[in-house]
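There are 4 protein chains.
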Amino acid sequence: MKETRICIIGGGGRLWAIQFMKDLAYNTMTHGTLVLYDIDKEAARNNIAVANQVFAVNKSEGRFNVIAIDDLGEALSGCDMVIISIEPGKTECRYGDLVLPEQYGILQSVGDTTGPGGIMRARRALPIFFDLAKKIEQFCPDAWVINYTNPMTLCTAALYKAFPAIKALGCCHEVFHTQNFLARKVSQWFGVATPDRREIKIDLTGVNHFTFVTKAFWQGHDLMAKLIEEVQDPATFADETAIAKERLANEKWFDCDQKIALAFLRDFGALGAAGDRHLAEFVPYFLTSDENLHTYGVIRTPYEWRMRTAAEKRGKMFKDEDLKAVLSDEEGVDIMRSLMGDKSMVTNINRPNEGQISYLPKGRIVESNGLISEDSIRPIVATDPPLAIQNLIKQVSDVQEMTLEAIYNNDDNLLFTAFLSDPLMNLSLDKARELFDKMLKASDLQY
Amino acid sequence: MKETRICIIGGGGRLWAIQFMKDLAYNTMTHGTLVLYDIDKEAARNNIAVANQVFAVNKSEGRFNVIAIDDLGEALSGCDMVIISIEPGKTECRYGDLVLPEQYGILQSVGDTTGPGGIMRARRALPIFFDLAKKIEQFCPDAWVINYTNPMTLCTAALYKAFPAIKALGCCHEVFHTQNFLARKVSQWFGVATPDRREIKIDLTGVNHFTFVTKAFWQGHDLMAKLIEEVQDPATFADETAIAKERLANEKWFDCDQKIALAFLRDFGALGAAGDRHLAEFVPYFLTSDENLHTYGVIRTPYEWRMRTAAEKRGKMFKDEDLKAVLSDEEGVDIMRSLMGDKSMVTNINRPNEGQISYLPKGRIVESNGLISEDSIRPIVATDPPLAIQNLIKQVSDVQEMTLEAIYNNDDNLLFTAFLSDPLMNLSLDKARELFDKMLKASDLQY
Amino acid sequence: MKETRICIIGGGGRLWAIQFMKDLAYNTMTHGTLVLYDIDKEAARNNIAVANQVFAVNKSEGRFNVIAIDDLGEALSGCDMVIISIEPGKTECRYGDLVLPEQYGILQSVGDTTGPGGIMRARRALPIFFDLAKKIEQFCPDAWVINYTNPMTLCTAALYKAFPAIKALGCCHEVFHTQNFLARKVSQWFGVATPDRREIKIDLTGVNHFTFVTKAFWQGHDLMAKLIEEVQDPATFADETAIAKERLANEKWFDCDQKIALAFLRDFGALGAAGDRHLAEFVPYFLTSDENLHTYGVIRTPYEWRMRTAAEKRGKMFKDEDLKAVLSDEEGVDIMRSLMGDKSMVTNINRPNEGQISYLPKGRIVESNGLISEDSIRPIVATDPPLAIQNLIKQVSDVQEMTLEAIYNNDDNLLFTAFLSDPLMNLSLDKARELFDKMLKASDLQY
Amino acid sequence: MKETRICIIGGGGRLWAIQFMKDLAYNTMTHGTLVLYDIDKEAARNNIAVANQVFAVNKSEGRFNVIAIDDLGEALSGCDMVIISIEPGKTECRYGDLVLPEQYGILQSVGDTTGPGGIMRARRALPIFFDLAKKIEQFCPDAWVINYTNPMTLCTAALYKAFPAIKALGCCHEVFHTQNFLARKVSQWFGVATPDRREIKIDLTGVNHFTFVTKAFWQGHDLMAKLIEEVQDPATFADETAIAKERLANEKWFDCDQKIALAFLRDFGALGAAGDRHLAEFVPYFLTSDENLHTYGVIRTPYEWRMRTAAEKRGKMFKDEDLKAVLSDEEGVDIMRSLMGDKSMVTNINRPNEGQISYLPKGRIVESNGLISEDSIRPIVATDPPLAIQNLIKQVSDVQEMTLEAIYNNDDNLLFTAFLSDPLMNLSLDKARELFDKMLKASDLQY
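Protein chains in written order, with UniProt numbering: chain A, 1 to 447; chain B, 1 to 447; chain C, 1 to 447; chain D, 1 to 447.
Take these hints with a grain of salt, some might be off.
Identical copies look the same in the list; a pair holds intra-copy or inter-copy alike.
For lysine-lysine, the following DSSO-like pairs were computed, each having C-alpha atoms within a straight-line distance of at most 27 Å [claimed, not checked]:
id	residue 1	residue 2
1	K245	K431
2	K319	K226
3	K362	K161
4	K161	K431
5	K161	K134
I should point out that these hints are in silico values taken from the structure, not numbers from a laboratory. All of these numbers come straight from a predicted model, not from anything done at the bench.
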């Protein structure tokens, strides 16, 4: 494979950036230059050592020349690949995203993708992405760009809005977790060892974090047919309040048993293909109360924990054993290999709609399978889900489109319209306006 | 104009049927045969005398030969026009439609078009319309069919579902009321006498009872521009709770001041073009509580009044003065004249989408302007409303489509999915199922 | 009606400009200012006197203040209406358009709309229209613009290309001639006096000069049904060679008997709605030879006559009797009245596709019925013609789109691709290139 | 891989059937039952021995149980795969297809896919396919069906017309030849050994035999960019008349140098992806005369040779060395493996349009890349070719649709409309009708 120059925007990060380095080390065919860029210039510089540690631990010294560059344009110049994984705004901003809506009875389990929290986060993130896209147009217009930042759909859409010819995609591992869930089901149903998730062939459709599996096969077995049987059994939906309480006690914010994903299959006709905490936020049925949410075994991640965790991450020192590279659940490096011409692959990606999703307008950022090969990503036409699922996804995508337009045009009135149009909105117009104004004010605070 | 044979399905009715007779009497060019058909055969026969009274009072004796026919096929045979205005099921059925959801916190102001009540009413009505369409196919396939029955969109859709080549349309006077509102505004703004509503040129888009004005002109004046100014003024939305209380006291269920229609203009970008009591039912913002609804001056029509009124209507005797024909707010007879070749007209109609509504799939029943001329209805492409309005209408239309499919296929599970997907739904999945099952049971009761 | 300021681009013309003045005089509700602009400044100034003569002859003195303005921007400033009727290039340019292709066996009957001649004429005309649109954007962006210049579709498309928000339409009388033909048929079939063309209600679809009638009614009679019978009779297509010879001898270039229009009905399923000399140019079936063309009674207009006629027109003096206004077959002034708010009208117009033509992409300039009312033109969804007709129209529209793109981008290679793609093209690629290069050279000549 | 029951319709054939057996032998993972069905029952029975010889020669005895079944329904019962490769009608029928149009100046190089010959062949073939589809619906509705018969697009479309839920695709090797051409170019350009065609990654779009490559890569090299340079060089299009003469002399009907494929790239913007003899038949530019055709090195296959060859094929005895299996240029067996769950593959296939081809209506049979995996074929959205190419393909697809409708409805008038609409048609309407009637008569002859 040819030499590759990669720039990580958010290269000072202590989580994704490190994971990406490990994946680079794991994929022995890759080599070239790794440029770290971060608005926290010192953090980027500090990560040079971590990167070198990663390559050393994994016997890959010399494969990548790691450098940090302070100037964004310079960092991008000559790059073949740009990886974006940033935190838009301080963690303190999450207060307004999460706590204020809660005071009005609007609960969110994550709040970084959709709902009032997601919209406000978008308002902080998108201007950064508009600017990034313009810089990419100027300094490396032919580079492939992979975004990992949430709100995924909107951040990726922002890149295309500001530079329509950009070669960008969004990557997310949530769908892989659904494949893992199905792999465990395979083990349970057929009495075999849990297969690798890549053996589960699925067709999927939707927008990031609100994606649905319409078909799933494993070695001649139609897995959806079996799941449809299961969701007819009330036992599948036994009350998980006790489990939820335990998860709260143990701070297991991310654990779930796909009960919400399965509830979509039972009542709307397709299996949710993201963690339950994400799925729950796109519809009005689950976050009516913590009690309701807990019956599905799902809990909300509290603001307080986010603050605590962010602080811990910043101070973290990496031991060699933390940096051992194994086959990970992130595909960024595999995708990079395919784009550089090594071999084709099919996986789920976030891309502008060219017809792969029949029920959404062309140009919207959607998530579905795509064929990735040399300098090319071609979307695969997704199987249509039932109309009820289409209806839910169309609402979400329309709110995203309004949000994009509003932020692009600095139009907070249109943003309020988007805010009202979100499926989680259950307030009167007056209360909604009141909350929106408070959240605007909170989001504009400088920490 | 040539002689016309007209059949009124629901010809025993005491309200619409009589109004239609008056309109026939008023339009002096019409003549021919008027066939009354009703499942209450005696009511149809009794209305012969009323019809003759109508023609006599209005100096139109002999223009129409009025007969009642008991057999539906025979009644339809040879007809040029079929008018449908029926009550699907006993008034007692409205109990389940309205009172049961209220017990779960879902309030409806009308409950005959959308929401849980509208869906259950559709479940009673649509089988009748499937059957009617089949009979029309058999006995008068070339007849033009005008439907007045609610749920308007679904009943008209049912006709096309069962007989795709039917020449049918749905008529509704709600938009005329919006024109009247604008006419009163014209008077107020320009210091002139209130003009006739037909002088207000509007463009509109949506589905019945959830229609929106995107453009309005009167003699060189852009009325929307002036309204947009008005909705910026908080005084426009002064609290109308006191007015609402008075309306409650005086049983003025149908009165409104277009405050909800105007709130759509302010927050979503287009003026609602139906009575507020209808508009409120299609979104989650107004019926959160009676208190909230009352601030817009809108009140809910109670079940108890519907029962009382139905009884009164049945016993009603008509005095000659009740039957005097004047230019009415129903256009059925005018449309009939145009279809029979007399002259072309442009008005709002409910028809399958052929491209007049860009944001809805082809074939859906939509409301917008159409050109009516000899044996032809051609839709006029509506101006696109803002995306936020499109989004709301798409949800409503999708729920209607699911409801249609569910009822056509006797699939109560799919009907539950439609029920869940309705914008008024704010329950957990379990509570929703519980309510749905109760409503099904109530709807299946034989009174 | 309010006072109107109108600018005629091509105001020095001796045909359309004068006709428009007569129509203004005939429509007694119009009044205001008439600005004459022409690149031949003297011609514009000379037409002031003609205009005043027109108004005097028709007892309309004082209704319009007629002025000539030399500067285009100044001429446009403050206008409510802009009328465009120009000759793009000298008549001598027609030599290359018509005579060169003939040398290669490609015959054209008109050569101003389509085929090699139409494409070269577009290459001269469109830059003028790009410039006009930019000037309109600058000096009177809210004005309504009516174009009469050929190639109609491309000139109107050019206006939208350069100024997408322009309020423009194209007007053409060819469809009226089809209505007149049908009116004569009505007289023949029903033994009545020939009705006014406006009594013939038609639905039509296509692009200018290649438009098709799908439905036609007169007072309760389905005219298409009767025509379909007629085209089954071979007598309808009796050889008209003798008639064609006579027409040649008498220089009756524009006469025809709709035999080609009817041949479309017989073999493709819809009635051509333009003169046969136009229809023949869009398909390969009629201009294979003069002999073939003459069997339909159609003859080609020779270059020599065009030169002679142009010279005569320039020298023409108008007698009062030439200037008497009667109800004409041009609708520009009626449309102006409707746009200014006087009353609504339905007629055929050339406009961007918003969905009125289901089988063409949005944005293409198409011809079909539209509703014209105050400051608004709303297209009416046309009935779909048979697929065979759609196929022919799609080819024509695609060639137009390529031509537009090529000229807009000064890309003569793409223009050659359009040239190849024209349905009249029957040469090998080498011969086609040779002809194209010769025509380019001829078109670039300065006369 | 699981056991598979395969039925070959046309199992008595001496070319495709044998090739398929060899591919089965080559793919060692396949095993099961092979059912031979043919209307020539004896031929099917005779092929049992050939099949067994094939498996024996290739050391695959016992992998497939080969049987012949006389009754179609019985032959299909229980099948997982159905392979269709038949000759619709006697070879004598080709006389009318090819020789009659030639008498009117319409030349065809193949005449089995498009043009007058293709349309008449479709008229013989499609009724067989309507019937096959109905039988498949009845006896093995879940089987995957692979069609190899020409006219490919129409035969495959006929399957879907008669049984819309059929799981069918069409396979063709023409695109592989284009990949081979590009592979040879790679060798020439980069001085390497000719790579395997599967290493050439292409994106393609169109309908069978009229497909176009929009992108092509090999190991980091953009092949289209290099080809575009080449077609600018006149040397690329040096006169090949001498080569054509030689090919005529040596009966090398199928040889070509992709000069027509390259002419499309030069003048229309995309590389033809089928043999030149196929490409030439879809447009009016090449078959204007044999002289013109020969300049591209292409010759027409004569009727006389087809008769001679058919006779030879019938009598053929297979030597063991003829039956040695190697990696072939047919992918049917590979596709079968993927559908049976063995591994996913991406290749070009003929399938109903679900959005993979943006410029054609949904449902049309189109050729482009698809992802084939367990019990699933998902189309990949093709890159849009230039509008000029889209325009050519749309015409072809529309003529195919008209042909399908005409034959399905036994409507020879509509078939004549399709015949007229074919791009090779260059006759007057009268001559066209005359030819059509003669061809109908010839096609209806029983040999």
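Here's how the hints hold up against the structure:
1. K245 with K431: between (31 Å within a copy, 22 Å between copies)
2. K319 with K226: neither (44 Å within a copy, 50 Å between copies)
3. K362 with K161: Classified as both: same-chain Cα gap 13 Å, cross-chain 22 Å, threshold 27 Å.
4. K161 with K431: neither (32 Å within a copy, 42 Å between copies)
5. K161 with K134: Answer is both: 10 Å inside a copy and 26 Å across each meet the 27 Å cutoff.
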